[in-house]
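Protein chains: 2
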Amino acid sequence: MPSFVAPTRDSRFIINEVLKIDNYGALPGFEGASTDIVDAVIEEAGKFASEVLAPLNASGDQEGCTRRQDGSVTTPAGFKEAHGQFRESGWGTLSAPEEFGGQGMPHVLGFAVEEFMSSANMAFAMYPGLTNGAVNALLVKGSPEQQATYLPKMVANEWLGTMNLTEPHCGTDLGLIRTKAEPQADGSFAITGTKIFISAGEHDLTENIIHLVLARTPDAPEGTKGISLFVVPKFLLDEDGNPGERNTLMCGAIEHKMGIHANATCVMNYDGATGWLVGEENKGLAAMFIMMNAARLGVGIQGLAQGEAAYQNGVAYALERRQGRALTGPTDLDEKADTLMVHPDVRRMLMDARAFTEGMRALALWAGLLVDLTHVAASEDERTSADDLLGLLTPVIKGYGTDLGYKTATDMQQIWGGHGYIVENGMEQFVRDARIAMIYEGANGVQAMDLVGRKLAMNGGRAIQALFAEVGKEVAAAKGDERLADLAGRVEKANGELQAATMWLMQNGLSNPNNAGAAAYDYMHITGIVALGLMWLRMGQTSASALDAGAEDKPFYEAKLVTARYFGERFTPEAGALRRKMEAGAEAVMALPEEAFARA
Amino acid sequence: MPSFVAPTRDSRFIINEVLKIDNYGALPGFEGASTDIVDAVIEEAGKFASEVLAPLNASGDQEGCTRRQDGSVTTPAGFKEAHGQFRESGWGTLSAPEEFGGQGMPHVLGFAVEEFMSSANMAFAMYPGLTNGAVNALLVKGSPEQQATYLPKMVANEWLGTMNLTEPHCGTDLGLIRTKAEPQADGSFAITGTKIFISAGEHDLTENIIHLVLARTPDAPEGTKGISLFVVPKFLLDEDGNPGERNTLMCGAIEHKMGIHANATCVMNYDGATGWLVGEENKGLAAMFIMMNAARLGVGIQGLAQGEAAYQNGVAYALERRQGRALTGPTDLDEKADTLMVHPDVRRMLMDARAFTEGMRALALWAGLLVDLTHVAASEDERTSADDLLGLLTPVIKGYGTDLGYKTATDMQQIWGGHGYIVENGMEQFVRDARIAMIYEGANGVQAMDLVGRKLAMNGGRAIQALFAEVGKEVAAAKGDERLADLAGRVEKANGELQAATMWLMQNGLSNPNNAGAAAYDYMHITGIVALGLMWLRMGQTSASALDAGAEDKPFYEAKLVTARYFGERFTPEAGALRRKMEAGAEAVMALPEEAFARA
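Just so you know, the protein sequences line up as chains A and B, in that order.
Sequential numbering of the first sequence, starting at 1, is according to my numbering.
Sequential numbering of the second sequence, starting at 1, is according to my numbering.
Keep in mind that the hints were calculated from the coordinates and are not lab data.
Treat each hint with caution, since some may be false.
Given that identical chains are not distinguished, each listed pair holds provided it fits within a single copy or across any two copies.
[To be verified] Straight-line Cα separation of at most 20 Å, SDA-like style, residue types lysine to any residue; simulated pairs:
1. LYS80 with GLN103
2. LYS336 with LEU174
3. LYS47 with ALA58
4. LYS479 with ASP338
5. LYS479 with PRO168
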């Protein structure tokens, strides 16, 4: 059975040393996030993840969720107790506002904790994870009364939340939603319709479940401009705000899925269920996007998290399994074979995994800091520029992060050879669980279109220009250090590819939007490479400085420099190939008549 | 539930028009393989695959195999009957020698049929597939008596065969094998030991199972030079050659796996089981490699096959599912949304799948023809050069073919969005089944080392030089046709990358073998791209000529030219990036001390 140790040293390195959280101490929420508190929270969260959640990962996968005839859903053995401990330890409240019982800590810290929980047990972590999204939507769009009614319980994880978007005939294209919301005399709405793929739609973890549901009011305009958001609790609240009468909604079925078996993916039937409008009528999609954006970052972190968990178990096997001899001659003469660690191709996969997970962790935590800065940075300018970068990076973190997370899980399974294909060894679960992250919260192709079709052009391309400049700055700063000069040159080249690719899109995407559509995925990956390159430049400089300053933990910083070099050598060359692919344009992509696709 | 139609038109195009099987009519075995017979066999096999095997694919996955307390194994419902039909239809005997009851048809045809069966039901196709490997080993290394005893029944698929290599502590490193073979007074051996991961090790499809087992005789030298091959039937034969006394071997357990649930993967316990030496003592590994090489091609075909099956279902969904509008404006105004087919990113995945499956099909069938030519080509020179190319291409077909097969299955699942993650829709089974092909019969990293460490250097690099020359020839031939000039230029460039990469390996791999080890995987992929490029040049020329000649099936050939162009545009740029990656060398790959890999 696989094990998991939270990579706390790495998270602390990024938060304290690379992002230098201490520098933000004057900002609201950061007062309490001094280095020692960060360290304590990270270590405690890591312990919880590895000791409480990780042991339930394989058993949860095997047992899955059970739906009973009455529509109730039982989570796997141990989940209810683990959720109780999670709630009592306050992990759900960490970066929620103090006003509603949260601890008001920075999101950057919350993201680090989220990664650990998701590595240890992705299916479990989704229950509170989705609640965070619902909390965010209510924080921004809910009425004061709604906030007072739901948020304290949700923040405390006494009630969990869900997002209800997808219907059988529509996922990506939410304009097609059919679920109806009929206004009632008392100001509430009667919600009727079927939602599918509702993660955590029904379970036994909490006494109430707060559903956020997209639906149409009677005379709503067609398409996305006629969608409203409603809050629909499983149990209606009595006068004291406690769960009372059962609402007329029900889990009609749970799906059999490739992975995340321990998270109940529900068909939710709303049968005139009582709900209340959140925010303005017909503006539901905008409200939902508040949840979606947070959720997309969370899903990117899931990709990272599965990659990390798989990496650790790939390492464990490579250190233990003996097979063959080193190409340069036997290393362990008193054994009949050397460990897998001696084989360059095994090392290649492990180093790929390190370069990705450590780089992506830095990127995700930077995004967490950007979330904070959009809210609390001192000046409007700083808030805007954080928001620019966050908007640009969100689809990249989701799309590139989950693609590489899946690749990493697959590679680590590969290290285990045939034993990686056996269920009991747990490596294949990482692959199955990681797979969904490429699909939900907007399939990765949708992320690519969000990047190319929306984020790139916003404000005259201000965000991507800011990224170019940021990379340029770090390249210039790193070039003078011979330990980083090679990396700097390679990231500079990749940044040049991204600039050229951006220029190509400007010149060719407007004249024929299919050119943008056919280029989007490759463009997203180039951006991912450059963004990770930026992270490696920052981590490389931090590590070089630490070594120069005679830091105690020398092996840690030296390993960073090696991995930084590896990233430059093995990740950046891809950027040029991707640009050449996308610059071929849409013609051959779109040329075939539809009937030519069938086989005969 | 997914469906499958054998791509017979494409297979016939490759065999008849590209490989021009008629040109070989004078060679033994090819007399009976005229175009009309090829067409008839292909169509009939396609029908069998889609009508008999495909309907059992999902149910077989769901039910899996069951082992009973007595060690017997039951295959899923319908498998025994399907195997009966398979046997009666003679699909197992197609390219087996007539001497032992086979039909003596060329392997190129056998490969085409194998692909269909594997697309329709990979777990099923493995039962006769492994038997083919065992038949090959007995054909080459078995004594005349052994051949007479086992081959007629095995060729007829009345008995199935297995390969027993792996033990709990050794897979790749067969030198560590511990299973013992004690010589008995009657000339037989008593085999004792435990083998794991034995596909089709036990089942209810046939009355006997013929195991080929690697073991050590008492004074065998250590390592791979002390391994012998034994034939060990489940039931010993009576005087009439019929199954009699039960041999002392047993299936101790079957594995719970990520996929191929309907194929029993067995722990086999040999407890003094009676076996007979096949070929010379201590030369077992060479004998086993006869099976392995055939099996590796078969596994490459599995990658192709899962990619093809997934492709067809990706197309079906893209044609039917309506979501969003074309970027260039709505196409179906009387519907609320256009089909997925209008979206360039969906097309990109479908075209990737076409470029891979059609190119890999051509490569696999060419390899089938090379297998034939190694045996029956008219001159020693021709046989040698076929053998050179076959040896070089085998690890590429296995490694590149299965990597891309898995990628294709994953992409096609992606087209289905959330519905692709649901078990009942069948897309995730393609991914789970395709995954094993990257692992077994030598993990893909082992294939890369076989290519770089063995095949490349053999006979002074004669094989790779022949490939360069072949590509150069086709580039030159295609360049003058404006429909192919772009592709030709791009494949020429990729071939140049391969040549440069080969040169780099020669210069850097000998001085430090780790450079070769760290480069091997990327090198294998470059070779795969060039090999597919060669196939697309050939298919492109054939199609252009057919169009020039006024061929009836115009859309088919036009689609080939589009896909050829797409391959050039979207696959070849990767070659340069891969070369740059590998040329970074082994230093950063191997630099970290082992203890640096652990997290804390």
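Quick rundown of the hints versus the structure:
In the homo-oligomer, the alpha carbons of LYS80 and GLN103 never lie at most 20 Å apart, since the shortest distance is 23 Å inside one protomer and 63 Å across protomers. In this assembly of identical chains, LYS336 and LEU174 lie within 20 Å of each other by CA distance solely across copies; the values are 12 Å between and 60 Å within a copy. In this homomeric assembly, LYS47 and ALA58 come within 20 Å of each other (Cα to Cα) only inside a single copy, at 18 Å, whereas the closest approach across copies is 41 Å. In the homo-oligomer, the alpha carbons of LYS479 and ASP338 never lie at most 20 Å apart, since the shortest distance is 39 Å inside one protomer and 50 Å across protomers.
Taking identical chains as interchangeable, the C-alpha atoms of LYS479 and PRO168 are never at most 20 Å apart, the minima being 53 Å within one chain and 50 Å between chains.
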